[in-house]
Each structure stands twice: as structure tokens, then as C-alpha cells.
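Got two chains here, each in a separate frame; can you build the complex from them with the hints?
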Amino acid sequence: MNDEMRFFDEMNGDGSGRRAPYAEYGAWLDGEDTQRLQHVSKEAEAFFRRTGITFNVYGEPGATERLIPFDVVPRIIAAREWDTLVKGIEQRVRALNAFLHDIYHRQEIIRAGRIPARLIAENEAYLPEMAGFTPPGGIYTHIVGVDLVRTGPDEFFVLEDNARTPSGVSYMLENRETMLQLFPELFSRIPVRRVQKYPAMLHRGLAASAPAIASDDPVVAILTPGIHNSAYYEHSFLADQMGVELVEGHDLRVIDGRVAMRTTQGYKPIDVLYRRVDDDFLDPLTFNPKSMLGVPGIMDIYRAGGITITNAPGTGIADDKAIYSYMPEIVEFYTGEPAKLKNVETYRCGDPDSLAYVLENLSELVVKEVHGSGGYGMLVGPAASKAELEAFEAKLRARPSNYIAQPTLALSTVPILAEQGLSSRHVDLRPYVIVSPQGIDVTPGGLTRVALKEGSLVVNSSQGGGTKDTWVLED
Amino acid sequence: MLGKTAGGLYWMFRYLERTENTARLVDAGFRIALTHSSVAAEEWKSIVSTTGETASFEERHDSYTPANVVDFLLRDTTHPYSVMSMIEAARMNARLVRTALTREVWEATNECCMTLRAALADQIADRDLPRALQTIRQQSALVRGALHGTMLRNDIFNFARIGTFIERAESTARILDVKYYVLLPSVSHVGSSIDNVQWETILRSVSAATAYRQVHGSEPRARTIADFLIFDQRMPRSLAFCRARIAGNLAYIVAGYGEDAPSNAFTKEMNARMDALRIDDVFDYGLHEFLQDFIQENNVLNAKIEEDYRFSE
Chain X
372 MNDEMRFFDE MNGDGSGRRA PYAEYGAWLD GEDTQRLQHV SKEAEAFFRR TGITFNVYGE
432 PGATERLIPF DVVPRIIAAR EWDTLVKGIE QRVRALNAFL HDIYHRQEII RAGRIPARLI
492 AENEAYLPEM AGFTPPGGIY THIVGVDLVR TGPDEFFVLE DNARTPSGVS YMLENRETML
552 QLFPELFSRI PVRRVQKYPA MLHRGLAASA PAIASDDPVV AILTPGIHNS AYYEHSFLAD
612 QMGVELVEGH DLRVIDGRVA MRTTQGYKPI DVLYRRVDDD FLDPLTFNPK SMLGVPGIMD
672 IYRAGGITIT NAPGTGIADD KAIYSYMPEI VEFYTGEPAK LKNVETYRCG DPDSLAYVLE
732 NLSELVVKEV HGSGGYGMLV GPAASKAELE AFEAKLRARP SNYIAQPTLA LSTVPILAEQ
792 GLSSRHVDLR PYVIVSPQGI DVTPGGLTRV ALKEGSLVVN SSQGGGTKDT WVLED
Chain R
8 MLGKTAGGLY WMFRYLERTE NTARLVDAGF RIALTHSSVA AEEWKSIVST TGETASFEER
68 HDSYTPANVV DFLLRDTTHP YSVMSMIEAA RMNARLVRTA LTREVWEATN ECCMTLRAAL
128 ADQIADRDLP RALQTIRQQS ALVRGALHGT MLRNDIFNFA RIGTFIERAE STARILDVKY
188 YVLLPSVSHV GSSIDNVQWE TILRSVSAAT AYRQVHGSEP RARTIADFLI FDQRMPRSLA
248 FCRARIAGNL AYIVAGYGED APSNAFTKEM NARMDALRID DVFDYGLHEF LQDFIQENNV
308 LNAKIEEDYR FSE
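Top line first, the protein sequences correspond to chains X and R. The letter at position 238 of the first sequence is residue 609 when you use the working numbering, and the numbering goes up by one with no holes. The letter at position 9 of the second sequence is residue 16 when you use the working numbering, and the numbering goes up by one with no holes.
Chain R extracted, bound-state conformation (with noise of 0.2 Å):
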């Protein structure tokens, strides 16, 4: 396979999950909005924070209105973070490495384009954000079950989803970073509930309200949801599977090639260190410093695989 290939098809699937996360974030938003009016403008304030935006939003708007953020995040296509933008983007890598793709991925995201071209051609009011989310996670399921039911498990398909996984390690870690402080102990002691609202939007932006549920019963506990979202292998967000997926199609690679490479090694080490931690030690070390350390990692890897895999020249 071409450098370029490989390199287009981890940035397509880059950045067709960064396009759901983004879409989950709004939606955690909008709910928080509609539900805890007092909290509404702190909270979208700190969604733009999460997708690293805060400087671009701030040239472009004075305030967090949900207007703003919403038009920002969706369908503002003067910078390459909303959602509008990424897709184009995921479209015009797919098109560079349409000879990887099958029919069904490639007329997957093709149609999920000009879908969301349609959806997300006007501003949208809030009753009709509901849907135009809804269509966002409908399309990019879309591709990802064509990717699934029709992709060979070769290098193309290895690829794409450590491009999907680096991308959604570097959000899920990105979401607790920014509320890191509602986890800490000084603000809600060790098994006490956190602030209702808070958790929500965690738990939502991530889509795991249900999961944790299902594991951890109703009461939410800071500890036990950094523990989730960090360490807990069942759970399709957490920074630990995340990292296991990585770890599983760069072997594939390596066993593929038949040649090592310094990502794989690096990859293996960062595991092997992330295994033997508990969340107790995470606490320790600082919740906030964990995180981002582990963001600095997650593009450390990016680099590695980029030029052990050769993206570019």
C-alpha cells in the first residue's frame, strides 16, 4: 500500500470520528441547556473548550450563545473543525484513497456529505437540532457499519481504525480533562455524588449514561466514573480501549510486514505502563496531569506511525 494511502485513510477515519464526537458534545450541550438553564452558557463554553477551539471561536463570536456554538461546531466552514468541515474533509481524504475503499464505504461517505451538505445548509434553530444530530450519528453509523461489513482485515482496514482510535482517545481524554476538577477529591470527596449535571455531561458526551448505569448502578461516584472512562476495557470510549484497539491493529501490521517498528514498541511500553496503574494512582499523580500526559502521548504515537508508515515524504 502507498504512504499516502495509509496516511488518507487513518485521517479520513480521523476525521469522521472527531465528527461524531464533536456531534455528541453539542447534543450533551443542547440537554444540559434545556434541562439547567443557570449552567447553560458556563457549559457550552466548555464544550468549545473540549474540541481545543476557544481561540477560533473567540475571533469569530463574542459570547456562547447556543446559537454561536451550535453554528460554530456544525456548519461553520471558515475553520476545519466543525462538523461540516471535517466531513468534507473525510470525503476529499476518501476520494485521494477511494483505490482502498470498497464501493459501499466510499458511496457511504460520499452520501453522508451530501446529506449533511443538505441538513447543515441553513442555521439551525433549536427544535431542528435534535434531528440534524440525529443525522450526523446516522451517517457516519453508516460508514462505519460499510466499513465493517465490507472491508477485507488487511493493513487498509488496520489503517483506518487506529486512525479512528487515536482520534477517539484523544477526545474521550479530552472531555475528562476539561471537568477534571468536578472528579477531584476537594470538590466532591471520595463517595459523595458530584454535581448532577456535571457527570450528565460527561457520561453523555461520551455516550456512556447507559453503560455506566448497566455497571455501576444510578448513583454516579467521581472516582468510579474516571475509573470507567479510563481503565474499564468494556467500554467502547475508554482511554484504555482505545488504546488496546491501537495496540491490536499495529500488531496486525508489524505481524503483516514482518518488521517491527518504533510505534508498535512505543505503543507496547505506553500499555504496559497504563496496565499497571490503578485509578488510586492516577488520583495521585493528579487527574489533570495523567490527562495530559496522555494527550502528549497520543501525538507522540500519531508522529511515530506517521513516519514509520511513511504518510509523507
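Just chain X, same shape as in the assembly (with noise of 0.2 Å):
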């Protein structure tokens, strides 16, 4: 990393004294001896284990189930600057979902000449089904992670819209849970927004969204890949905590033009599905033929109106990376007004002018794939080796469109409990937006994520990460 960047702590400021949002908390830190608050650490990690919350790691044979680290020092947002976010975030939201609509219709956004035609027609998440198909209550992205850093006081940016099937709201509940217990007397004393709620607001949120053919009371599942995948704690909390049952592809079967599960009274129709099951492998007659993880022909069923898909199939055309980098005029576009959060500046490589501007400047740019994910085939400019960089060189060159360049930017750091004692690690923010006819809700919050490694800025769990309770403060 650079000597001369500098860091926002967002406990510590620029030095001079702690933060007010941190004002309370940091009373009740100067009392505490570290020692216990190691001590206590320790029993959040068993608390973890008995409780197997656990991610299971791809490629890694024997310990396939591992925790994702905890750290107990939380982050803590004010109030006036939550509110300020929540404003951005619903205006984003707004427009992802507005954009779908009209991407899946009559394209005004290309006819009016705002993005190109081909960012479309070339991707691989544009699903033609989709096309003329309007879902239940018009809305595509019903459950959305919105990630944020953060580089200043006042500075958020939006480094991803996670559209599809964010993952991580079962850390965020947890880690809740976890500081409830290990640090009871911190919730009397500081006024810490509340996010328990989330899984009733996601129930009634999805239910709202059932398909005309549904009762008052609509069935509501949640659909999973199995107990091997990586998210599976996440999707058997989530349905144990809406009370919803959890199925597998096996589970399902389409009859009468429904799409059912097979219970131990027969089969009963399901009127809304969360599926935790990406777009290619949803429906074996639509999509991959292979796929053993979707049901047979209920694309059919959901364009009949037999069931409401959450998120809908085809959404991951807002949220790849190229499509980003047209986020503010898309935001501006759908809603009439400028983004109230603001992109990071994006390079398009495919574009000859900016790939000469990044092929210059490698080692001061973060390089992501266009469809890339996980923080997997990145490349950190700053703290790649020479080999490193020439061997992205290569890649670059080879096939520029797959790629898009972003400055490095100044992630802003909170403490986290170290070995020595507090240090600081930088971190990022996905707060989780449910949209529903009813309206949105962001949950006070998210899922922070922290880069436990020293200087590093890669927050990914996948990637040695770890997170942190968010607290956001009443007023």
C-alpha cells in the first residue's frame, strides 16, 4: 500500500479523538481490560461452532465446514448518516428495478441512447425468456445487498449492486445475536436500531409479492442447492426463521400447472419461491439441461402466473460489472434526478482509450472481471508483485471487454480486536434491501466486512475476511 494514502478511521477519525457515533461506546471501552475482551472472543468463536453457523469452503477437502471470524468491536454508523444512505440505497434499488422492467421491454434506455445496445444483446445474464414478461407486482430485484465503502466522513460509494442472490443476511442476525450475548449490558446503555426484524419483513415481503393465484395466505419456500453449498446455514436459518420450508429441486415437481412440494400429505403448490439456485440452473427445459438442482418447466409455470421467483430469472443484467460503471446515468434516467450515492469511477477496458489509461496505471488500480465474483480473479494493483502484475498485463490484453479498472480507494478502517489490541483493518458495508409491492426496506445495518490482514483490502470471507456487528444509532 501507498505510505502517503491515508485512512479514515471511522473510530478514531483523523486522529484527534474519537468519533462521536463512537462517544458511548468507546466509555465502555476504556473500562474493559483487553485481556477479558480476548477472553470473550474465544466464546464467540464456540458460541459460532455450537450454533454451526459455518460457510462450506469449495476445494478444500476435510474441513469442509468453516466459521467465518467474528470480531467484537462493532462498527458503528450515526443516525443523520444512515438516514442520509438509506435515501441513496432506495433510489438505487428504485432504478435497478425500473431498468429491469424496461430492459425486458421496450428498452427505452438504449433508444434514448444512454447505454449502448450491445452491453445487452452481448450479455450472458439478458435472458430472452424474460422478454415482454412482466412479474408479479413489476418487481425483479426483490431482495438486494447493496455494497458501500467508505472513505470519509461523508463519503460512500456503491461498489457493487448485489441484484441476484446476496448472501450474508444470516451474519448479520448472528453477529447480533453474538454481541447480545457476549455484551448484554452494551444494548441497555447504547441505543442500537434494531435488525431482528428482517426475517419477518423478508417474509411478508415475499408474500406480498404472490402471484394473483395465490391465497391471503401465501405459501412461501425457499429453495436451495443442498446441504453442500456454501450459503446452506444462511438458507436454513432464513426458512427456519420465517417458518417456510426449505427445498431442494428433488423436492419440487410441477403439477396443474403449479409448481409443488412433495410433503408427507402430497403435494402442495408453492406460491412464492426464494431460490438460493442462480438462473442457469433454475429449469432444466429453459436453461443448462444438465442442471439437477431446478425443476422441470417452471419458467413455464412462472409465465403463466403459477409462481412469484425471487429474485426473477435474468436480473443479473443490473448488477454485472460493466453495467456499474452506467449506474448514475441509469439511476438519473429511471428516477429523474442524480444518484444520491455515488459510483466509483470505472474504467471499461473493452474501451481502447481506457485500456491504454490502465494498461499505464496497473499498479495503482484495483482490475476486476466483468462477471467476476468473491474477490476471486482480482487484481489489487497496489500490493500485486511485478510477476503479478505482468502476468495480469497479459490477461488484459488478451480479452480487455472482461474487464474493469477502479482507482484504489482509500477504504476507511475500524478497530478490530487484534493479538497486541485494537488495530485497525479496513472494511466494507452491505446493507440488505427487501422491495416488495408494499414498498422497500433497508434494514438498519448490514453485514460489515473486515479485512483481518494487516493493510489489506480485500474483505471477501472466501479470502481470509472476517465481520463485525454494524450498529446504527437511534437518534
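Careful, some of the hints might be misleading.
As the list claims (entries may be wrong) - If you only want the chain X side, here are some residues facing chain R, beta carbon under 10 Å, derived:
id: 1; residue: 588
id: 2; residue: 610
id: 3; residue: 611
id: 4; residue: 616
id: 5; residue: 617
id: 6; residue: 621
id: 7; residue: 629
id: 8; residue: 632
id: 9; residue: 634
id: 10; residue: 636
id: 11; residue: 638
id: 12; residue: 640
id: 13; residue: 706
Unchecked claim - Non-contacting residues of chain X with respect to chain R, defined by C-beta distances greater than 12 Å in every case (computed):
id: 14; residue: 385
id: 15; residue: 403
id: 16; residue: 425
id: 17; residue: 436
id: 18; residue: 451
id: 19; residue: 504
id: 20; residue: 522
id: 21; residue: 607
id: 22; residue: 615
id: 23; residue: 622
id: 24; residue: 671
id: 25; residue: 700
id: 26; residue: 728
id: 27; residue: 759
id: 28; residue: 792
Stated by the list, open to error - Okay, derived cross-link-like pairs now, DSSO-like style, lysine-lysine, Cα gap no bigger than 30 Å in a straight line:
id: 29; chain 1: X; residue 1: 757; chain 2: X; residue 2: 458
id: 30; chain 1: X; residue 1: 824; chain 2: X; residue 2: 766
id: 31; chain 1: X; residue 1: 458; chain 2: X; residue 2: 711
id: 32; chain 1: R; residue 1: 311; chain 2: R; residue 2: 275
id: 33; chain 1: R; residue 1: 52; chain 2: X; residue 2: 639
id: 34; chain 1: R; residue 1: 52; chain 2: X; residue 2: 711
Source of the hints: derived by calculation from the structure; they are not laboratory data. Cβ atoms here follow ideal geometry from the backbone N, Cα and C, with glycine treated the same way.
See the structure below:
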């Protein structure tokens, strides 16, 4: 990392004293001794293990269930900061849904020349099967996780719009549960907004998106790829919390124009399916014919109004990294006002001028694959060796349009409890949004991911990142 | 409830029950080996035979040494019926049906698995065996406690219980069948004491030594032991007890669903037949034949339940 790069620390600001949101917590912290905290931190790990809050790691024989490290120092956001963020998130999510509707209908935004037609036409995430079809309530992305990073007191940027199947919300809930168990006294001392209503909100939102054919009490189910999926814990957690069935493809079958689940009392129709299975695997009759994870014929039922699939198939067109670079235009086009949340400046490497710039400044940029996720296949220029830079340069030249580049952001830091005591680490934030015909609900807080390695900017859990409880303060 | 979930619960509790039964068998074998070294090897062999895994054992080991048998039955994860394999399978099923379990039951199962992974990580020396067996018993008791203390008495609970009792019925029947010859009149004519070691194994294998004494005094008699383990409704591991519990749980499900099922009718018919029998009828028919029939019927019942409640496609 550049030595001259200065980072904004959310607890300590520029170093002149604790920032206001941390005042009360800091006062408590001053009275604590590090050893007790270390001890409590160990308890947290035991708690996670006993509860079985794990994620499965692919390609690692033996220990396939791993814990995501949890840090006991909360990340605290002031009410005013949060309320501003929420306005930006709501605007963005509204725009995402309007964009998706437009893309699968008249494509006004392309006709208006605001985004290039090839961006859609050549995009694998665009599903022709969705063209001309409007999902119940007109909503495409019901569950969104907007990844945010912060670089200063008022500087927030959107890093990614996760509009397909954002994961991690179970960690948001379990992290809070853990903090309540470990430090109950903090919550009577500091007014923190509650996140615990998320499962009920999600259930309500999903039920409200049911197709017209559903009864007053729609049947909701979660579709999981199965027990070996990396996010299986989360799937079962959410089903448990909402009191709905957790189904796999082989529990389902199309019967009499409905998608039905095999119960002990016969097949029972499902109204809303919150699927945690990718588009490609959803229906072997329509998409990947080899898929064992989906339901043959579900797309036909969906288009005939027999079921609501959340998030809608084809939603991925809104959150790939090439589309991301157009989000300011997209937000303005559909909401009629400038985007409240900033995008990170993005160079589309498919564009020759941008490519030249990116190659020239590779060691200062972050380069990502357009369809990549989880921090894989990504180059962090300032942290890369000469050999890594050269190797990446070759990849860039070979398939430039597969990449975008962004300046290395000075990600804010929050202290973690390290071996030696408190020590600052970089963080990001994923708030969770539920969109239904009844409105948009942003749960106060979200998932704070933290790079546990000193100086590292990669926060992904698959790359050794951890998580923190995220507190949004009451006024 | 999903059919898959009913199946997952049923198998989760079958595995847990079998885990406990295996630990009990090893415990009985160990005590006999300690006190009657002359019959030890034969006892270990008959214990493996009780689990039905003789072929699998002989593929892996040349002789029935205590170390071999203990390792095979407790730790060896290369076959599915060691305690460790079964507890992992129980946990896998628990993850599968996580939404049907209370947090307490899930955590107890998860903790049981983690504890046993640690307790059975290394080869178990003779002097550590009692502690290891105690850990297995304790951990499975915690799961059972959580089940009884926290679960709603609905079909979820019923399927868990049916799995438990189908497994237990099979286990008791097998224990009796492997030793049936010592209970036969030709070996010990009616009324006389049977071989001390043999009855001790039988009663210990079903944790019934104390219960038997309370009911029948300290003088063991072949026919009384068979009667006790087959027909006594007070004895929680007797065949009749297990059958009655299966019938009760199936009846709850049928009532709750408002629809009768072949498995329920089959159970009623089997139980009516068994209720009409006395121990003398069993011996007249042949104890071994009776037990074989019982095990066979138990398997048929298992298949009927799987089908009636759509455990799989």
C-alpha cells in the first residue's frame, strides 16, 4: 500500500479524538481490559461453532465447514449518516427495478442512447425468456445487497449492486445475536436500531409478491442447491426464521399448472419461491439441461402466473460490472434526479482509451472481471508483485472487454481486537434491502466485512475476511 | 412438512439410537472381557455379529481382539455403522432438517458430534474406554433431553420417535437373536439358571440388569428374560414397548392428517397378533424364528412408512 495514502478511521477519525458515534462505546471500552475482551472473543468462536454457523468451502478436502471469523468490536454508524444512506439506497434500488423492467420491455434507455445496445445484447445475464413478461407486482429484484465503501466522514461509494442472490444476511442477524449474548450491558447503554425484524420483513415482502392465483396466506419456500452449498447454513437459517419450507429441486414437481412440493400429505403448491439457485440451474427445460438443482418446467409456470420467483430470473443483467459503470446514468434516467450515492470511477477496458490508461497505471488500480465475484480473479495493483502485474497485463490484453478497472479506494478502517489489542482494519458494508409491492425496506445496519490482515483491502470471507456487528444508532 | 424432512428426522433419530445401542453393546462386551477372560474373544465376536456387520469387520480385521472390535465399532469411518460414522450421519440429517428442529436439539446434536470427534480422535486404550463410552451415552442423552424438553408434540416429533423405536426394536431383537440359543430349553431347561455370563451380556446390552432384578429378583431364568425383553410393556427397550410407541406415534400422525395409511393398518395388525401371544407360544414356535419374523416385519414397516409419508420420490 502507498505510504502516503491516508485512511479514514471510523472510530478515531483523523486521530484528534473519537468520533461522536463511538463516544459511548469508547467510554465503555476504556473501562474494559483487553484480556477480558480476548477471552470473550474466544467464547464467541465457541458459540458460533456450537450453533453451526458455518460456510462450506469448495475444493478444500477435510474441513469443509468453516467459521467466518467474527470480531467483537462493533462498527457504529450515526443516525444521520444512515438516514442519508437509506435515501440513496432506496433511489438506487428503485432505479434497478425500473431498469430491469425497461430492459425486458421497450428498452427506452437504449433508444435514448444512454447505454449501448451491445451491453445488453452481448450480455450472458440477459434472458430472452423474460422479454415482454412482467413479474407479479412488477418487481424483479426483491432482495438486494448494495455493497458500500467509505473513504471519509461523508464519502460513501457503491462498489457493487448485488441484485441476484446477495448472501450474508444470516451473519448480520447472528452477529447481533452474538453481541447481545456477549455484551448485553452495551445494548442497555447504547440505543442501537434493531435488525431482528429482518426475517419477518422478508416473509411479509415475499408474501406480498405472490401471484394473483395465491390465497390470502401465500405459501413461501426457499429453494437451496442443497446441504453442500457454501451458503446452506443461511438458507436453512432463513427458512427456520421465517417458518417456511426449505426445498431442493427434487422436492418439487410441476402439477396442474403449479409448482408443488412433496410433503408427507402429498404435493402442495408453492406461491412464492425464494430461490438461492442461479438462473442457469433453475429449469433444465429452459436453461442448463444438465441441472439437477432446479425444477423442470418452472419457467413455463412462472410465465403463466403460477408462481413468483424471487429474485426474478434475468435480474443479473442489472448487476454485472459493465452495467455498474453506467449506474449514474441509469439512476438519473429512471428517477429523474442525480444519483444520491456515488459510483466508484470505473474504466471499461473494452474501450481502447480506457485500456491504454489502465495498462499505463496498472500498479495503482484495482482490476476486476466483469462477471467475477467473491474477490476471485481480481488484481489489487498496489499490493501486486511485478510478476503478478505482468501476468495480469497479458490477460487484460487478451480479453480487454472482460475487465473493468477502478482506482484503489482509501477504504475506511475500524479497529478490530487483534492479538496486541485494538488495531485498524479496512471494512466495507452490505446493507440488506427488501423490495415488495408494499415498498422498500432497508434493515438498519447490514453486514460489515473486515479484512483481517493488516493493510489488506480484500474483505471477502472466501479470502480470509471476517465480519463485525454493525450498529446504526437511534437519534 | 416435506417428505424429505420427515425422512431426515426419522433417519437422524435412527442413527442416534443406533449410536447409543452400539455403545451399550461395547460396554457389555468390555465388562465381560474384564471379568471372564476365557469367553472374551467369543463375546466380542458375537457383539460384532449383533450389529450385523460381521462381513464388513472380517474384511478389515483378522481377529476379534478387543482393540479391533472397539476400533471398528466406535471409530472406523470407512464403514457406515461405527459410532463416529453414525453420529456424522445423524448430524448431516439434522442439518438437512434444521428448520424442523429447535435450536436446542440442533445445538445438542452439533455439540454431540463435535465432542465425539474429539473423544474418538485417537485409538482408545482399554483404560480410556469406559470414559469414551460414557461420553457417547451422555452426549446422546443430551440430544434426547433437548428433544423431549423443547420440541412441539406434532408430526415432527412423531417421525423422530418412530425412527427411534424402529431402530430400538431391531436392536433388541438382534441382541436376543444372537444369544437365542442360551435361552433355549435344550441348553437350560425351564426353571434352571442359565449361564451367568450370557444372561449378563444380554441384560447389560439393553441396560436392563437393574430393571430385571427389580421385577424378577436376582435369579435369572431364560424364559423370564425372554419374556421381559419381548413382552414387558414397562421395559423401554422391549419389543412390545417399541411396537406400542410406534403404533402410538403413527396413530397421532394419522389423526393429525385426517387420513389413514397402510403403515398404520400394518402396525395395528402386527400388534394385535403380538398381543395375543404369550412367551410359551414364542418358544413353541421357535424363538429364533419368532425373532427373524419380527426383524423382517420391522423392515417391512420401515418401507411402508417411507412410502406412506413420501420420504423420497
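The hints, checked one at a time:
At a threshold of 10 Å, the smallest CB-CB gap from residue 588 (chain X) to chain R is about 17 Å, leaving the interface hint violated. Satisfaction of the interface hint for residue 610 (chain X) is found here, the shortest Cβ-Cβ separation to chain R being roughly 5 Å, below the 10 Å cut-off. Contact between residue 611 (chain X) and chain R, as hinted, is supported at the beta carbon level, the nearest pair being about 4 Å apart and thus within 10 Å. A cut of 10 Å between beta carbons decides the hint on residue 616 (chain X): the least distance to chain R is about 6 Å, and the hint holds.
The beta carbon of residue 617 (chain X) is positioned within 10 Å of a beta carbon in chain R (closest approach about 5 Å), and the interface hint is therefore held. A least Cβ separation of about 6 Å between residue 621 (chain X) and chain R falls short of the 10 Å threshold, and the interface hint therefore holds. Annotation: residue 629 (chain X) was flagged as interfacial toward chain R, and the flag is violated, the nearest CB pair being 16 Å apart, outside 10 Å. Interface hint status for residue 632 (chain X): upheld, as the beta-carbon distance to the closest one in chain R is roughly 6 Å, under 10 Å.
The restraint placing residue 634 (chain X) at the interface with chain R holds, with a minimum CB-CB distance near 6 Å, inside the 10 Å limit. The interface hint given for residue 636 (chain X) holds, since its Cβ lies 5 Å from the closest Cβ of chain R, which is under the 10 Å cut-off. Given the 10 Å rule on beta carbons, the hint for residue 638 (chain X) holds: about 9 Å separates it from the nearest Cβ of chain R. Look at residue 640 (chain X): its Cβ only gets to about 14 Å from chain R, farther than 10 Å, so that hint breaks.
Annotation: residue 706 (chain X) was flagged as interfacial toward chain R, and the flag is violated, the nearest CB pair being 39 Å apart, outside 10 Å. Listed as a non-interface residue, residue 385 (chain X) keeps its Cβ farther than 12 Å from every Cβ of chain R; the least gap is roughly 44 Å. For residue 403 (chain X), the shortest C-beta to C-beta distance to chain R comes to about 28 Å, beyond the 12 Å cut-off, and the non-interface label holds. Some Cβ of chain R comes within 12 Å of the Cβ of residue 425 (chain X); the nearest lies about 10 Å off, and the non-interface call is violated.
Not every beta carbon of chain R lies more than 12 Å from that of residue 436 (chain X), the smallest distance being close to 9 Å; the non-interface claim is violated. Distance check for residue 451 (chain X) against chain R: the nearest CB is about 37 Å away, which clears 12 Å, and the non-interface claim stands. With a minimum CB-CB distance of about 29 Å to chain R, residue 504 (chain X) clears the 12 Å threshold, and the non-interface call stands. Once the 12 Å rule is applied to beta carbons, residue 522 (chain X) is consistent with being away from chain R; the minimum gap is 40 Å.
Its beta-carbon lying about 4 Å from the closest one in chain R, residue 607 (chain X) breaks the requirement of being farther than 12 Å from that chain. Residue-level check failed: residue 615 (chain X) sits 8 Å from the nearest beta carbon of chain R, not beyond 12 Å. Residue-level check failed: residue 622 (chain X) sits 5 Å from the nearest beta carbon of chain R, not beyond 12 Å. Residue 671 (chain X), annotated as away from the interface, keeps every beta carbon of chain R farther than 12 Å; the closest lies near 21 Å.
Residue placement check: residue 700 (chain X) keeps its beta carbon more than 12 Å from all beta carbons of chain R (closest about 43 Å). Chain R leaves residue 728 (chain X) outside its interface by the beta-carbon criterion, the shortest separation being 49 Å against a cut-off of 12 Å. Residue placement check: residue 759 (chain X) keeps its beta carbon more than 12 Å from all beta carbons of chain R (closest about 39 Å). The non-interface label for residue 792 (chain X) is consistent with chain R: the shortest C-beta to C-beta separation is roughly 30 Å, beyond 12 Å.
For the hint pairing residue 757 (chain X) with residue 458 (chain X), the CA-to-CA distance comes to about 42 Å; that exceeds 30 Å, so the pair is violated. With a C-alpha separation of about 27 Å, the suggested pair residue 824 (chain X) and residue 766 (chain X) falls inside the 30 Å cut-off, and the hint holds. For the hint pairing residue 458 (chain X) with residue 711 (chain X), the CA-to-CA distance comes to about 7 Å; that is within 30 Å, so the pair holds. Restraint check: the Cα-Cα separation between residue 311 (chain R) and residue 275 (chain R) comes to about 13 Å, which is no more than 30 Å; the hinted pair holds.
Between residue 52 (chain R) and residue 639 (chain X), the direct Cα distance comes to roughly 50 Å. Violation of the 30 Å bound is thereby established for this hinted pair. As the CA atoms of residue 52 (chain R) and residue 711 (chain X) are separated by approximately 76 Å, the hinted pair breaks the 30 Å bound.
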